[in-house]
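> Model the full assembly from the supplied sequences, consistent with the hints where possible.
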Amino acid sequence: MERKLPGGAWSGDQKGKVPYEIEQARKINSLFGPKGSKNGYDVILDLHNTTAHMGATLILENSRDDFTIQMCKYIQTSMAPESCAVLLIEHPGVKYATTRSIAKHPIGIEVGPQPQGVVRADILRTMKNVVNYALDFMQYFNEGTEFPPCSLEVYRVLEKIDYPRNESGDLGAIIHPSLQDQDWKPLNPGDPMFITMDGEVTCYEGENTVYPTFVNEAAYYEKNQAFAKTEKVTLMAQALRL
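Residue numbering for the sequence shown follows our numbering, starting at -1 and increasing by one per position.
Rather than coming from a laboratory, the hints here were simulated on the basis of the structure. Among these hints, one or two may not hold up.
Claimed, not checked - Here are the simulated BS3-like cross-link-like pairs (lysine-lysine), alpha carbons at most 30 Å apart as the crow flies:
#	residue 1	residue 2
1	Lys230	Lys183
2	Lys15	Lys126
3	Lys36	Lys25
4	Lys33	Lys15
5	Lys227	Lys126
6	Lys126	Lys221
7	Lys183	Lys221
Just so you know, these numbers come straight off a predicted model, no measurement behind them.
As structure tokens, this is what we get:
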């Protein structure tokens, strides 16, 4: 199901026949919402796989939500030594409406790399572990466990980077080999990003080091996105107890 939704998708403001995905989003909203109401579900875990080499990734939508920050910190600590990155999608230019945002405390979970139509035991195991740790956290919270103040390093999305394109709008270059499968690794000024079939290289011309993610994600070709550019920031959460 397409989880990026236009304005008016929840309320039925759109006139006439609506796409199947919008109909399903409204059903989900009626079951677990309504969005923005006190009756909405507390938590929704939105599970996805990605073709990008991202490993286990948690997606936050609010840098001031102590509950989700504490949950991500718990999951990340429990997953160690396996890495578990946290992606913050909060910038107005890249933020989008999601079905999980019906809940008061939504968290997206991406695990990869996994091609569509393929079942991988290692990816399935990682996803299961992340979900189990999330459920453990909620159980401890409901039992009255106090979680002390914490800090959480996250990757905050700055912008989406498209592929170079020709005059017809078709791809003019592809991801450079040195960037492929390097999600969360530093991309420094002057580092290669794209390469044409003739071997011409496009390098990163920004002033600061950034951290690409969703690199060469298959589902994002149609969305004109080669990767998302992020920066590292640290979030703080207050002590948490029911």
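> Now tell me, hint by hint, if it's right for this structure.
Outcome of the hint check:
Straight-line distance between C-alpha atoms of Lys230 and Lys183 comes to about 11 Å, which keeps the hinted pair within the 30 Å bound. Between Lys15 and Lys126 the CA atoms are separated by roughly 38 Å; this puts the pair beyond 30 Å, and the hint is violated. Taken as a hint, the Lys36 and Lys25 pair is honoured in the structure, with Cα atoms around 18 Å apart against an allowance of 30 Å. Between Lys33 and Lys15, the direct Cα distance comes to roughly 22 Å. Compliance with the 30 Å bound is thereby established for this hinted pair.
Proposed proximity of Lys227 and Lys126 is supported: the alpha carbons are some 28 Å apart, at most 30 Å. Distance restraint check for Lys126 and Lys221: the Cα-Cα separation of roughly 29 Å lies within the 30 Å cut-off, and the hinted pair is therefore satisfied. For the proposed pair Lys183 and Lys221, the alpha carbon gap of about 23 Å is at most 30 Å, so the pair holds.
Consistency with the previously given hints fails for number 2 only.
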